[in-house]
Amino acid sequence: MGIITEKLPCYIEPIPGGSLLLTSMDAVINWSRANSLWPLTFGTSCCAIEMMMATGAPRHDTSRFGAEVARPSPRQADLLVIAGTIVRRMAPRLKTLYEQMGEPRYVMATGSCAISGGPFMYNSYSTIRGADEIIPVDVYVPGCPPRAEAFFYGLLTLQKLIKEGESVRRPGERRKPVLSALPPGITLDQIRAEMAAVLKSDATVNVEQAAKKLEKESQDGQCESADGCCCSRT
Amino acid sequence: MSVHITTLDDRVRLRQDDSSPLSTQEYFVNMGPQHPSTHGVLRLVLKLDGETVREVIPVLGYIHRGIEKMGEHQSYRQFVHLSDRLDYLSALINNWAVSMTIEKAANIELNDRIQVIRTLMAELQRIQSHQLWWGVFGMDLGAFTPFLYGFRDREIIADIFEETVGARLTMNYIQPGGLMYDIHPGFVKRVKAFLQYFKPKLAEYETLLSGNVILQERLRGVGRMDGQTALSIGATGPVLRASGVPLDLRKSEAYGSYGKVAFDVVIGKNGDCWDRYWVRLEEMRQSMKIVEQLIDNIPEGKHMVMKPAVKIKLPEGCYYNQVETARGILGVYIVSDGKESPYRIHLRTPNFNNLWAITETAANWRLGDLVAILSSLDVVVPDIDR
Amino acid sequence: MTGITENIWQAKTVAQRAAEALPESVWFALGYMVLGVVGVAAFIAVLGMGLIYAERKIAGHFQCRLGPMRVGWHGIFQTVADTLKLLLKEDVVPAQADKFLHILAPLFTLLGTILVLAVLPMSPIVHVSDVNIGVVYVGAVSGFGVLGILLGGWSSNNKWSLLGAMRAGAQIISYEISATLALLVVVLFSGTLRLSEIVESQAAGWWIWRAHGVGIVAFLLFFIASLAEINRTPFDIPEGESELTAGFHTEYSGMRFAFFFLAEFINMFIVAALTATLFLGGWMPFHIGDFAGFNAIMDMIPPGLWFTGKTAFLVFLIMWFRWTFPRLRVDQLMRLEWKVLLPIGFANLIAAAVVVLFNFYFFPVR
Amino acid sequence: MDSANLLTAVAAAEPNAKPREKADRAAVQVPVGNLSALMKRLRNDSTFAFDMLCDHTAVDWSEQGTFELVYQLYSTVHGHYLMVTTSVPRVSPIVPTVREFWRIAEFQEREVYDMFGVLYDGHPDLRRLFLEDDWKGFPLRKDYTDDFMLERPE
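Protein chains in written order, with the numbering used here: chain A, 1 to 234; chain B, 1 to 386; chain C, 1 to 366; chain D, 1 to 154.
The reader is advised that the hints may include incorrect statements.
Each computed DMTMM-like pair below joins lysine to aspartate or glutamate, with the alpha-carbon atoms no more than 25 Å apart [said to hold, decoys possible]:
| no. | chain 1 | residue 1 | chain 2 | residue 2 |
| --- | --- | --- | --- | --- |
| 1 | C | 339 | B | 49 |
| 2 | A | 95 | B | 9 |
| 3 | A | 95 | C | 20 |
| 4 | A | 95 | D | 106 |
| 5 | D | 40 | B | 226 |
| 6 | D | 22 | B | 204 |
| 7 | C | 159 | B | 55 |
| 8 | C | 57 | B | 68 |
| 9 | D | 136 | B | 9 |
| 10 | B | 260 | D | 2 |
| 11 | D | 22 | B | 55 |
| 12 | D | 142 | B | 340 |
| 13 | D | 18 | B | 337 |
| 14 | B | 104 | D | 21 |
| 15 | B | 47 | D | 133 |
| 16 | D | 142 | B | 55 |
| 17 | D | 136 | B | 10 |
| 18 | D | 22 | B | 109 |
| 19 | D | 136 | A | 133 |
| 20 | B | 313 | D | 151 |
| 21 | B | 47 | D | 106 |
| 22 | B | 104 | D | 68 |
| 23 | B | 311 | D | 24 |
| 24 | C | 339 | B | 217 |
| 25 | C | 57 | B | 204 |
| 26 | A | 95 | D | 68 |
| 27 | C | 159 | B | 10 |
| 28 | B | 104 | D | 2 |
| 29 | A | 160 | C | 90 |
| 30 | A | 95 | D | 134 |
Ranges between beta-carbon positions, derived for each pair [said to hold, decoys possible]:
| no. | chain 1 | residue 1 | chain 2 | residue 2 | range |
| --- | --- | --- | --- | --- | --- |
| 31 | B | 6 | C | 220 | 53 to 59 Å |
| 32 | A | 213 | C | 220 | 58 to 64 Å |
| 33 | B | 181 | A | 196 | 26 to 32 Å |
| 34 | D | 45 | B | 246 | 19 to 25 Å |
| 35 | C | 157 | B | 246 | 33 to 39 Å |
| 36 | B | 202 | C | 101 | 46 to 52 Å |
| 37 | D | 78 | B | 5 | 35 to 41 Å |
Here chain D is said to cover these stretches of chain B; the calculated rule only asks that three of the stretch's residues, wherever they fall, bring their Cβ under 8 Å from a Cβ of chain D [said to hold, decoys possible]:
| no. | region |
| --- | --- |
| 38 | 78-92 |
| 39 | 220-232 |
| 40 | 314-323 |
Simulated from the structure, these hints should not be mistaken for lab results.
Source: prediction; values computed, not measured.
Cβ atoms here follow ideal geometry from the backbone N, Cα and C, with glycine treated the same way.
Turn these sequences into a full structure, and let the hints guide you.
As structure tokens, then:
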């Protein structure tokens with residue numbers, strides 16, 4: 001019971017198949033964590049509505065990914081979605097919320113405000129310029145507010161991150177944060193087609209592959225992103 | 001002179017005056033800033049006596065972003081996009097309020113097409129906002145399904161907006177001097193399809209929630225506020241109208257195209273939670289009526305009467321203008337010193353005033369009622385804090 | 001040895017089998033006991049997961065969406081992933097909490113649930129222990145759960161938890177009375193406290209319809225009061241999410257929270273199963289008096305299936321309530337019990353006594 | 001009443017009230033000393049019947065060294081608007097509260113205190129509204145500086 005915080009004894013690895021055992025343990029543990037991201041009901045402003053559209057609305061429905069069990073208590077939540085602006089008065093509370101969550105905990109910063117302060121960056125005496133000044137963030141989802149599809153893209157990125165992230169041997173070690181921007185030039189139809197294909201295929205989504213494919217396509221054409229925001233993925 | 005500055009700590013200090021072993025003690029509880037039913041980061045300090053609420057002390061500022069200060073450093077056009085982020089559920093109407101104030105100050109005449117499209121958009125936004133409220137209201141009372149039904153129907157209006165505006169939530173569509181873009185060719189068809197779709201759904205809303213005996217028990221007579229208190233607290237919109245005061249700027253000022261359409265101002269009788277619930281549901285019907293009347297007669301014309309590149313400078317002076325958003329009266333007060341950015345810009349937001357109704361209405365009700373009352377006031381916290 | 005194999009398909013509980021095997025070999029008796037314990041444990045785990053999955057799927061479809069879809073075929077492994085995650089999640093005990101009680105509370109809640117499962121007759125052959133005071137036992141043991149809730153709320157040192165726990169305490173103790181009154185009606189009808197005999201007494205027809213209106217009223221009373229006892233919507237005020245954040249389990253995380261969660265769902269099953277046993281004949285097929293032909297056709301469906309079917313229907317009904325109704329307020333809840341259900345319960349009990357006295361059933365027992 | 005009539009009526013009721021120029025609706029300017037009396041009249045007199053205080057805010061005229069306090073009044077009975085302004089010196093900004101006439105003034109005045117540091121005489125619960133109780137300075141004053149705030153690069 002409880003999270004694995006200690007390194008597993010090194011004598012497991014020397015025994016034949018020991019590392020295989022550990023690797024498959026990793027896979028199972030990470031699989032369960034990735035597929036059961038219970039979000040905290042927490043939203044500060046506009047992005048919360050789009051987040052609710054993504055999690056709550058029947059059209060998008062995060063319950064397909066097992067992430068609809070929104071917990072009002074931070075103790076029971078795994079995923080803190082920072083949806084909206086964080087201001088100086090809220091900052092200590094956000095930190096408390098994060099600290100109240102039990103490990104493993106993941107943080108998604110959705111929207112410009114949570115990433116950089118967004119439209120409230122300049123001349124504001126109270127807006128924190130990015131939630132990562134307060135707590136560590138795993139995935140950034142840009143947009144003002146990000147569409148429900150972008151939120152999903154972020155969720156899938158996080159799932160992928162978790163699946164290949166922590167290992168039993170090195171607990172607590174995470175991959176560096178990623179920006180989960182939709183590739184430039186992507187259209188709604190493409191996303192829908194990808195979602196449909198993915199729904200058909202299987203339970204695991206190779207987000208990176210899909211993104212690379214789209215990137216390749218978009219390199220052939222022109223980069224038509226309106227805000228010139230080019231995405232980077234690790 | 002008796003100016004005494006207090007702090008929150010002073011307010012929440014308990015007096016231990018009774019020493020009888022049988023006396024009960026009142027206690028303070030923090031509701032929020034992270035609480036599922038405060039709709040964001042509102043914090044209410046509750047003085048409770050068992051389950052009974054004795055006093056509500058709202059503590060604000062958890063999403064105070066200093067929009068008014070920022071406005072002093074931005075041009076008038078730039079400020080429109082900040083107004084989206086106040087009450088993001090009536091973003092278009094907020095845009096309209098700011099634009100209208102600027103237009104009136106700068107004497108910009110608009111053509112009918114712009115006015116009609118603005119009115120249409122505002123009414124669609126109002127329906128969308130009430131849909132969300134209805135869902136969240138159900139959830140606050142413990143019924144989860146309305147939440148999803150509300151969102152399901154909200155998506156369809158979001159689609160209509162997206163087609164024309166390009167955004168789903170923060171629109172920045174109504175600009176000083178017109179509209180950002182002309183409407184999408186499929187707009188009229190889409191809106192008609194939506195009206196067709198939504199009418200039976202509204203009946204479904206009624207069957208799912210309104211007729212439920214538990215809901216009636218929870219709402220009738222709860223959180224009653226008479227018209228005089230509502231006026232004194234400065235409540236507007238459905239909250240005021242539920243208390244029986246027929247103040248609707250769409251009727252009394254008849255801005256936009258509201259003068260040309262027939263619709264009723266919905267008022268309640270008792271000013272309790274049920275009336276606030278019912279007024280909002282009925283308002284959705286009225287909004288649909290307005291949309292129905294306008295959708296077939298959108299006049300021809302340009303969607304922008306001034307070039308978007310022109311920098312706006314207002315003549316020196318102060319300008320105040322109000323618009324009826326989904327939650328009440330949004331007033332924009334601009335003081336101009338003749339420069340490109342306002343000298344002072346102040347927003348009289350509907351939720352700020354509506355929120356304080358909780359201090360008047362929630363006392364001596366139960367904790368569960370407090371949630372119902374708060375939800376029936378339909379506050380959007382960033383709009384309070386600005 | 002041979003006796004045991006002969007007896008295997010006879011209608012006997014696990015406890016009886018163990019008692020019978022004891023003279024032959026102590027190991028057989030122990031084997032049966034272990035079988036019973038493992039059976040119940042496995043049953044709880046599988047049932048809990050299944051119910052949670054069902055709840056999420058049913059909720060999804062009520063709300064025009066799909067529910068879990070991505071983990072396994074139609075999300076069938078969703079709860080497996082959730083369980084595994086909860087097992088491995090950090091287990092937080094707040095610094096100011098009463099640590100011992102905090103840890104004890106979820107165990108108590110789950111214990112009360114498991115103990116009831118032992119006496120439920122699920123079919124003539126699947127029955128762990130047939131206690132001769134089964135009804136009293138159920139009433140006594142199911143009150144155990146509230147102890148866990150009260151302890152959990154108290155020991156968390158959180159005002160919201162405490163409020164939730166106090167609400168739960170008041171609610172469960174009040175509604176216990178109505179539930180018991182309704183239960184007594186069935187005891188009067190069948191003249192026994194043994195659950196298996198209550199089932200057998202319904203061979204001529206289920207109590208819900210055989211005793212004219214009395215049975216239906218008792219059924220409704222029992223169902224409503226039980227719903228309140230297990231804190232399901234519209235009586236979910238102890239954990240009323242929008243009022244008390246998460247109620248009594250606000251400060252629980254990881255596995256201990258999972259225990260509360262699991263207990264809630266198993267309780268739902270127990271209520272459904274108990275209601276089915278008492279009023280809908282348990283595993284007893286649908287019989288109409290002495291219409292032998294009709295009864296014979298009904299007997300072709302195995303009793304286990306009857307039990308499962310009835311229970312599943314009631315579970316579905318409970319879920320349906322959950323996703324349709326708003327929540328009652330705390331004082332309305334108390335009013336409903338003390339001013340509405342309790343008088344009806346007493347009146348119904350007297351009516352039941354009259355029915356029994358004059359043998360005033362459809363197809364009276366000869 | 002239309003705005004011209006309204007202004008005459010206000011001038012008759014309160015001789016010290018001067019029309020405020022450069023305003024887009026009926027507006028009067030009163031000295032601080034007369035504010036309370038005028039407001040009482042406006043609230044209770046049935047010819048005015050201003051039952052709603054729509055808005056109350058302040059403007060920092062730092063060059064003149066004054067705060068201009070702005071009250072937007074609306075009457076649901078007559079349907080007319082009036083803007084009442086008064087000026088207080090920046091060094092000692094003390095004004096009487098109008099809370100007794102409109103309940104909402106309590107909170108609007110708290111906001112103005114929070115943002116400008118205007119002190120309200122007789123206010124029952126004068127404390128910061130949006131900012132923490134220990135915040136230094138009043139952010140909407142024109143001379144407010146803060147280490148935290150970023151200026152937009154040109």
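> Hint by hint, which ones does this structure get wrong, listed from lowest number up?
Replying inline: 3, 4, 6, 8, 11, 16, 26, 35, 38
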